[in-house]
Structures are given as C-alpha cells and as structure tokens.
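There are 2 protein chains.
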Amino acid sequence: MQQASGKVLTLESMNPCVKRLEYAVRGPIVARATQLEKELKSGATKPFSEVIRCNIGDCHAMGQKPITFLRQVIAVLSDPSLMDSDRYPADVKARAKRILEGCGGGSVGAYSASCGVPVIREDCAKYIEARDGIPANPENIFLTSGASEAVKAVLELLATGQEGADQPGVMVPIPQYPLYSASISQYNLQTVPYYLEESDNWSLSQAELRRAYDEAVGKCKPRALVVINPGNPTGQVLRKEIIEDVIRFAKEKNLFILADEVYQHNVYAEGAKFYSFKQVLHGMGDAYFKEMELASFMSASKGYMGECGFRGGYCELVNMDPEVQAMLYKQLSARLCSVVMGQAILDVIMNPPKPDEPSFAEHEREKSQVLGDLKLKAQMATETFNSIPGMRCNPVQGAMYAFPSIELPPKLIEEAKAKGMQPDAMYCTALLEEKGVCVVPGSGFGQRPGTYHFRMTILPPVEKLKNVMQIFKEFHESYVNRYK
Amino acid sequence: MQQASGKVLTLESMNPCVKRLEYAVRGPIVARATQLEKELKSGATKPFSEVIRCNIGDCHAMGQKPITFLRQVIAVLSDPSLMDSDRYPADVKARAKRILEGCGGGSVGAYSASCGVPVIREDCAKYIEARDGIPANPENIFLTSGASEAVKAVLELLATGQEGADQPGVMVPIPQYPLYSASISQYNLQTVPYYLEESDNWSLSQAELRRAYDEAVGKCKPRALVVINPGNPTGQVLRKEIIEDVIRFAKEKNLFILADEVYQHNVYAEGAKFYSFKQVLHGMGDAYFKEMELASFMSASKGYMGECGFRGGYCELVNMDPEVQAMLYKQLSARLCSVVMGQAILDVIMNPPKPDEPSFAEHEREKSQVLGDLKLKAQMATETFNSIPGMRCNPVQGAMYAFPSIELPPKLIEEAKAKGMQPDAMYCTALLEEKGVCVVPGSGFGQRPGTYHFRMTILPPVEKLKNVMQIFKEFHESYVNRYK
Chain A
1 MQQASGKVLT
11 LESMNPCVKR
21 LEYAVRGPIV
31 ARATQLEKEL
41 KSGATKPFSE
51 VIRCNIGDCH
61 AMGQKPITFL
71 RQVIAVLSDP
81 SLMDSDRYPA
91 DVKARAKRIL
101 EGCGGGSVGA
111 YSASCGVPVI
121 REDCAKYIEA
131 RDGIPANPEN
141 IFLTSGASEA
151 VKAVLELLAT
161 GQEGADQPGV
171 MVPIPQYPLY
181 SASISQYNLQ
191 TVPYYLEESD
201 NWSLSQAELR
211 RAYDEAVGKC
221 KPRALVVINP
231 GNPTGQVLRK
241 EIIEDVIRFA
251 KEKNLFILAD
261 EVYQHNVYAE
271 GAKFYSFKQV
281 LHGMGDAYFK
291 EMELASFMSA
301 SKGYMGECGF
311 RGGYCELVNM
321 DPEVQAMLYK
331 QLSARLCSVV
341 MGQAILDVIM
351 NPPKPDEPSF
361 AEHEREKSQV
371 LGDLKLKAQM
381 ATETFNSIPG
391 MRCNPVQGAM
401 YAFPSIELPP
411 KLIEEAKAKG
421 MQPDAMYCTA
431 LLEEKGVCVV
441 PGSGFGQRPG
451 TYHFRMTILP
461 PVEKLKNVMQ
471 IFKEFHESYV
481 NRYK
Chain B
1 MQQASGKVLT
11 LESMNPCVKR
21 LEYAVRGPIV
31 ARATQLEKEL
41 KSGATKPFSE
51 VIRCNIGDCH
61 AMGQKPITFL
71 RQVIAVLSDP
81 SLMDSDRYPA
91 DVKARAKRIL
101 EGCGGGSVGA
111 YSASCGVPVI
121 REDCAKYIEA
131 RDGIPANPEN
141 IFLTSGASEA
151 VKAVLELLAT
161 GQEGADQPGV
171 MVPIPQYPLY
181 SASISQYNLQ
191 TVPYYLEESD
201 NWSLSQAELR
211 RAYDEAVGKC
221 KPRALVVINP
231 GNPTGQVLRK
241 EIIEDVIRFA
251 KEKNLFILAD
261 EVYQHNVYAE
271 GAKFYSFKQV
281 LHGMGDAYFK
291 EMELASFMSA
301 SKGYMGECGF
311 RGGYCELVNM
321 DPEVQAMLYK
331 QLSARLCSVV
341 MGQAILDVIM
351 NPPKPDEPSF
361 AEHEREKSQV
371 LGDLKLKAQM
381 ATETFNSIPG
391 MRCNPVQGAM
401 YAFPSIELPP
411 KLIEEAKAKG
421 MQPDAMYCTA
431 LLEEKGVCVV
441 PGSGFGQRPG
451 TYHFRMTILP
461 PVEKLKNVMQ
471 IFKEFHESYV
481 NRYK
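Respectively, the protein sequence lines represent chains A and B.
Here UniProt numbering is used: the first residue of the first sequence is 1, the next is one more, and so on.
Here UniProt numbering is used: the first residue of the second sequence is 1, the next is one more, and so on.
Just so you know, these hints were derived from the structure itself, not from any lab.
Any given hint might turn out to be false.
Copies of the same chain look alike in the list, so a pair counts if it works inside one copy or between any two.
Taking lysine to any residue and the SDA-like style, the derived pairs with C-alpha atoms no more than 25 Å apart in a straight line are [to be verified]: (1) Lys38 to Arg98; (2) Lys126 to Gly285; (3) Lys219 to Asn188; (4) Lys464 to Met426; (5) Lys41 to Asn137; (6) Lys19 to Lys419; (7) Lys46 to Met421; (8) Lys38 to Ala94; (9) Lys221 to Gly161; (10) Lys290 to Gln206; (11) Lys97 to Thr68; (12) Lys65 to Tyr88; (13) Lys7 to Glu244; (14) Lys7 to Ala287; (15) Lys367 to Gln379; (16) Lys330 to Arg20; (17) Lys273 to Asn201; (18) Lys221 to Arg448; (19) Lys7 to His282; (20) Lys330 to Asn188; (21) Lys330 to Met421; (22) Lys240 to Arg131.
One chain only, chain A, in its complex shape:
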C-alpha cells in the first residue's frame, strides 16, 4: 500500500512545463496593482488617488466605450424578443437574424460546430478576401476563444515530445508578447529568440534571423517562426519588403509561419500600412503562395472595438497539410466549441454596417473617434518619452504600446541584482508604488542584455494619458537621480 499522507500534487511532482511558464503581463507587478486598488478602496492613504493601468491592452477597462452597433447585435442575440421592438435599427436586426439562423435551435446557447458557426466562418473569409484581394476559404478558418487559443492550438501541433537536438524550436521575436514564450514552455518546445532591431525601429533583419537560427541548430530543431505585426510590445508596422525577406528566410529553412496580426486595424503612423503575410506570400508567386505553411491570427479584442472580454478570435490556415488540419480540427472538437457570443461579435466586426445601412454613419464616427484618439496618443507617448533625458522611444506606428528604453545608473542595477530583481522590474515597481502607474518591465518581454525597457499601453483616455506622461517626466529623473 502506498503512503497515504502528503499531497498528490506538489511543486516537485507537478507538470514542470507549467512550473516554468512565465506571463509577465499578469505578473507580480500587476498583482501588486490589484492589491493597491483594494487598499485605496478601503480608505488607505497613498501618494496617488488611483492606479492607472497601462499594463495590458484592455481597452474598455481604460474607459474606451463599446461600439454601439456591435453591442446592439449582441443584445438581440441575448434576448431575441428585442427583434420585435423598435429600439434597434434594421441592420442590427438583420445581422442578429443571420447569426441566429446559423445557430443550433436558433440560440446562441447551443454549441456551435467545433470550428465555429458556418456563416461566421464565411464572413471571416469575405473580410479576408476584401482585405487582401485574394480568395479565402471558410474551411481553412477556425474560430477560437480569443486569438490566444488559436496560437496555442497551432503551437501544440508542433510539440513532438522530442528532446535535445530534435526538440522542436520556435523562432520568436525579442521583445515578444509573452503568450509565445508561455505556450512554448507549456508544450515543451524550445524558444529560438531573434532580436528585433531597436535602432531600425524594431524591424527584422535577415542577418539576425540567420544568426538566431544557426545558433539554435544542434540545440533544437527550428520548425516555426513567429512574427507579430503590428508589433507587441514594440508597436512597429513592418514594411512589405521586410515581410518578403522574412518569408524568403522561412522558405529557405522550411519553417511554419505564425503571423500574429491581431493589430491589423491599429496603424497610425504616416506612410505605414498593414500588409498581411498571406497577401505578401501571394505577391511572391506560386512557389511561395501555394507551398508555404502559414497561420494568421485575428482577434475581437484589439482594433477599434477592443472587446477583450468576449474572447473572439479566428485563425486562417494557408497550405496546412489536410491530414494535419483534420487532426487540429479533431482536437478542437474535444473542447466542443469556442464561445458563440465571441464568434458573434467577431462576425459583426468582419461585417460592419455598409454605407447604405442605417447604422453606418454612427459606426464610422465611433470607429474614427477611437482610432483617431489612439493615433494622437501614439504621437504623444513617442514625443514625451523622447523628450525625457535618459529615455528613448521608437515611434508607435501601430498596435497599442510604447516600448521605450530607459538608461539606468549602475548603482540602481547593482541594487536590483542584490535584491534578486530585474532592474527594470525594480523601476516599474517604484513607479507603481510612488505614482500609481502600472507598466510592465521589458524583462517580461525579453530585451538585449544590458538594455532596459518597459511596455506602456496608450489606452488611457487622452487627458489621463497626458497626466501619465507628466508623471513620467517627473518620476524618471527623480528616481534615477537617487542612484547617481
């Protein structure tokens, strides 16, 4: 008989991959922010009156209002008796009717097909076709609970359980959105980090990709390449030529491309334009477009809509081996389906009001307002950071983040090391404790050794972000000076 005392699951006996996993966007500094909020609520005195959360791309939490049209459709889906009221315009009802007709029993409470409601997959395909000017097949699109679920599902396919030189490797940008490193840990894959070029506005260079690849071979077997465009946490928008370079490299090395394109609506800088990997592949001819394996991810959480809580996302697969795709779809069936309301809100994003529909004008106004404000705030953040001695920030061309570098004095770095902390984490902790501003240290995303950064979202409303910028102006100098 086995010993009947002691826990079954301990740190020693649990899944080591889960233990290793790190996810800085919700790490200890963010936990501390939550605690500070609680303390403030219960009347504690702090040097600030509120915690300003610039740590996560959580649009509505930062005060962005939901887009009316989207929510009206969701309300009708929730309570279809609203279809008979004159509360909502005809285009809202038409969208809701179409979605309900695609649902089992005409209810969003029914499971959908594993890959999503068929009409919604069709609307995603139409959106992609209109975006890229090339055909998209709904059968190659699957709907997920946020883009995160899709990214994880594709990464999981790569995991073979092999170790050593055969362990599958995934090339990931540094800095990166830590979903990638977390999932790579979870599935016992190997990270093959390639650095983005800070001096070239966080662009990618073939030389660096090659260096990273060559260094990895022998330690693991690189099989996939992740690109985030527009960049998270770095905010760059890749030029078409850069994407072509990346594709050529991936073809040469036979890598599966994961294109995280969830910020495709978030492009602000003059002259910057979003090119999907699929479209660029197409432009490079059949040797690329008919052969290279690509998964592109999109989300309802970003863009102008920012509906994070709905967990809506899609993945389009290009040239995936049909047998592998069948296995992926089989695996998706074991979780039954992604949330139907998330699929539904994604549908309305893919199929917004047309110019001749009653909701068009208001929808356009709201959309422009959000994207216009983000553009303004992207400029404000870039300019302010660059005006502070000891800080430097590439232009925020897209996405929702500034990722400035900060010069930290040697004494500060030593003190952090003595405390077992990353120097930028110490900086961000002080900023939170003293000023109530919550940002994520660059070490959570990865950065070149000896450089320090943080990621700040540009989501707070314009006036509040102005305050945040003022806080940085004061805090940075005063904090750094303590260590001079």
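For chain A, the structure is supplied; the task is to place chain B on it using the hints.
The following block gives chain B in isolation, referenced to the frame of chain A:
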C-alpha cells in the same frame, strides 16, 4: 541548408498526442449527420425528413428555450442602455448592475481577472455554501470557458512527461465522457480504466477500483481518479455510501479526485439525491476534509439552463497545495481570462431570483418545466428501451443520457469486424442512414469487451422523443433480424 520542400507539419512530424486523441461525441457519425442535414436542405430524398440529433447534450439545439431571466441579464450587460428602459424588471437590472460593477471600466468587453470576476467567484462560493452547508472560499474557485477548460487545466498539472512505470495515470470510469480520454492523450498521461457496474445500475465498486489500480501499477503511476456524478454517458446518481467508498479508496492510494459534477441539477429518479464530493468529504471528518485533494467541476451548459454556447464553468479546489494552486492560476493568466459573458451567465445561475423578487415566479415555472420534461423523458427512454427485445437500459436517474446495451448477432459483429468498424458504430451508422436518428456508439465511451451500447440524449422535445422511441422499436428488431 535544409531541404526547402515538403510540409513542416505532417502526420509523421506533428504532435503524436494530438494524433492519438479521440472524441467520439463529435466523431465520424456526427460528421455524417451534418452532411445528411446539408443534403436534405439541398432537396435530396432520404428515408426521413429530418436528422434528429440525440448525440450531444446540446439543449437549445434540441429546441429547449433559454430561461428568460438569464437572457435578460445578458441583454442588459450587452447594451447597458437597456438599464434605463422599462422593458426588464428590477431584479434583472440589479444582477446586471452588480456584474458590471465587477468588470473593468464597467464593461463585459474588458478582460476579467484570470480566475474570473471577483463578485462572480463570490456568488459561486455562496451557491456552494448553500448547497453543501459548509464554507466555500472564492479564492479556491476559478472560472473557465466551460467545465472542459477546467478539467483540462487540472489534468495538465498532473503531466510530468515521465514514461513507463512513472508515467502519471488517471483512473477513469468506463464508460466515460471522452473529454477525459481525449485530454489524457493530449497531455501524455496514462488512462487507468475502471468499469462501472452495469448490473448495479452503473455504480462503482471498491473491488473494481482496486483491480484497476493493481493492474495499472508497474505500467504507470496512478495519481488521480475521475468520477462523473450524475453519470455521463450512464445517467446514474451515486449514493452517499458509494461516494464514501470511493473517497476511502482515493485516500488509501493517495489519489487526487476530479469530481465532474456538471449535472448536479439533473436528478430525476425517486429517492435519488445529488451529494457533492466536497460535502461527503466533510461528513467523513477532518482526516478526509482537511487533507484530500479534490477538484469539483460545474458548468452553465447543463442543468435546466443548458447554455452550452456561453462556455461558462467553474472549478472549486479543495486542499490543493497553495504553491501548486499558484502555478495553476499563473497558467490561467496566460490565456488572460475566460469569456466574461460565460462568467456572467454562470453568475445568474448561481444567484437566481429570490422569492421576493419580480422574476421569481416565472423563473421557477420555466425551470420546473425543463426539469419536469426531462424527468418524463428519462422515464420514457428507460421504459421503451427495456420493452424492446434485445435491449436493456438502466434507469436514467440523472444527467441527460440513456446508455442502453444492445444484443448484436454474431453475424453482424463479424461483418463489422470485416469492415474494420466497431459493431455498435455500424449499428448507429445504419440507424442514422435509415432513420435519421443520430446517437453515439458505446465504443466511443468505452464498455466491457463483448458488450455493445449507444448513448442517446433525452433532450428532444417530448413529442419528438416519442417518435424517436417508436423508431427504435421498429429499427432495432428489423436491423438485427437481417443478421440472424
């Protein structure tokens, strides 16, 4: 340079665990049902006018109407301007207000905390306290996208990557809901099957648990025990003494208990009563209640509400090592949060209208209607199956399924084997092709060798289920006779 042709991901080079995974509830027979529906829609002539889906516990798809109160709250969450209309009663608005106040920026479009909106975790705790009469701590409850996500998250913790005698094993009932076998494959764990006693109404026996355990030791290391109560696919409701036996066995062998209790509202048989594992643990004294590790799962998809598409679920952890729990919560943070609308609908289920509230009477009426119909249909299914020569069915005491055994003639079994099919799969395929009734073969859930079953949901409306029962009466005899 590596060879630049051929796919990166092929059946040979992909994750072997994903390849192995099977999920019969959405397997080939169900795919065929979808195809038949398409064919009917496009005007094809079949021996039936519609496909009746009795393959999955998808309540609304089978015509069950959403509970009004739940959906009214969701509508207000979708479009908070409905708060100012007189369309909805005060209790609806109060629930919505409370949830919105718990959401970032007062919007269900914000990410929630990784474990769920705090007030919703509190409401789950209050529900559990009222159910069991013992305290529940919201900190030990995490909210998920359906119970499936929670089950997977806990199983994943057990995966250590070890092989052979050290490979972690999970004891699973046979027949079982295939989420378990699928997830066990996915995480490279070992299934340790124990048979439910068909002759004792699908109950569990200590002797069988012991046999299964002893047979597994040496081939793997059993670390956890899954119990589904009320049973899926078997519909039994466990007596308190049986649960005590199971707990004693789990304590002796130091097993982590996973209690799938998603059908806790679905108990129909006279004298049957739902006992939660937590409550039974408590009754067994501190040596059990203060020590044994337990995870209990609940869902918004089943019960009287059947809101499958919302993907709402919770897991309560009892006695999990706090360090392991922290790791689990860290892992949950990498998917940011579960869908907030799913959390919200779960909240309203946990916190239904009270007797003094305006929606109480209608809510009770709707709830009783659904549960009353299910009770009627449970009896109807049991009686009809037992009236058919060559079929036998344990009483459907709870959940949503009948799992009758079918006697199949040797000639049929031989023919199936010659075709490389499971005999019960051949039976179910014929039933679908000839009669349009879709059920899942017992082989998809596991069964004792030489026995054959299928799982039928009792979800079709009363009149439709009567037809289905009539179809079985005719089909079974006629089909089986062809092979005599």
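Okay, the hints, checked on the actual structure:
| no. | hint | in the structure |
| --- | --- | --- |
| 1 | Lys38 to Arg98 | between (44 Å within a copy, 17 Å between copies) |
| 2 | Lys126 to Gly285 | within (22 Å within a copy, 61 Å between copies) |
| 3 | Lys219 to Asn188 | both (14 Å within a copy, 23 Å between copies) |
| 4 | Lys464 to Met426 | within (24 Å within a copy, 66 Å between copies) |
| 5 | Lys41 to Asn137 | between (51 Å within a copy, 21 Å between copies) |
| 6 | Lys19 to Lys419 | within (22 Å within a copy, 46 Å between copies) |
| 7 | Lys46 to Met421 | within (24 Å within a copy, 70 Å between copies) |
| 8 | Lys38 to Ala94 | between (44 Å within a copy, 23 Å between copies) |
| 9 | Lys221 to Gly161 | both (12 Å within a copy, 19 Å between copies) |
| 10 | Lys290 to Gln206 | within (23 Å within a copy, 58 Å between copies) |
| 11 | Lys97 to Thr68 | both (17 Å within a copy, 19 Å between copies) |
| 12 | Lys65 to Tyr88 | both (18 Å within a copy, 23 Å between copies) |
| 13 | Lys7 to Glu244 | between (53 Å within a copy, 20 Å between copies) |
| 14 | Lys7 to Ala287 | between (56 Å within a copy, 13 Å between copies) |
| 15 | Lys367 to Gln379 | within (19 Å within a copy, 55 Å between copies) |
| 16 | Lys330 to Arg20 | between (28 Å within a copy, 10 Å between copies) |
| 17 | Lys273 to Asn201 | within (15 Å within a copy, 65 Å between copies) |
| 18 | Lys221 to Arg448 | within (23 Å within a copy, 43 Å between copies) |
| 19 | Lys7 to His282 | between (55 Å within a copy, 18 Å between copies) |
| 20 | Lys330 to Asn188 | both (21 Å within a copy, 17 Å between copies) |
| 21 | Lys330 to Met421 | between (44 Å within a copy, 19 Å between copies) |
| 22 | Lys240 to Arg131 | within (15 Å within a copy, 60 Å between copies) |
Going down the numbered hints, you'll see the structure goes against none, and every one checks out.
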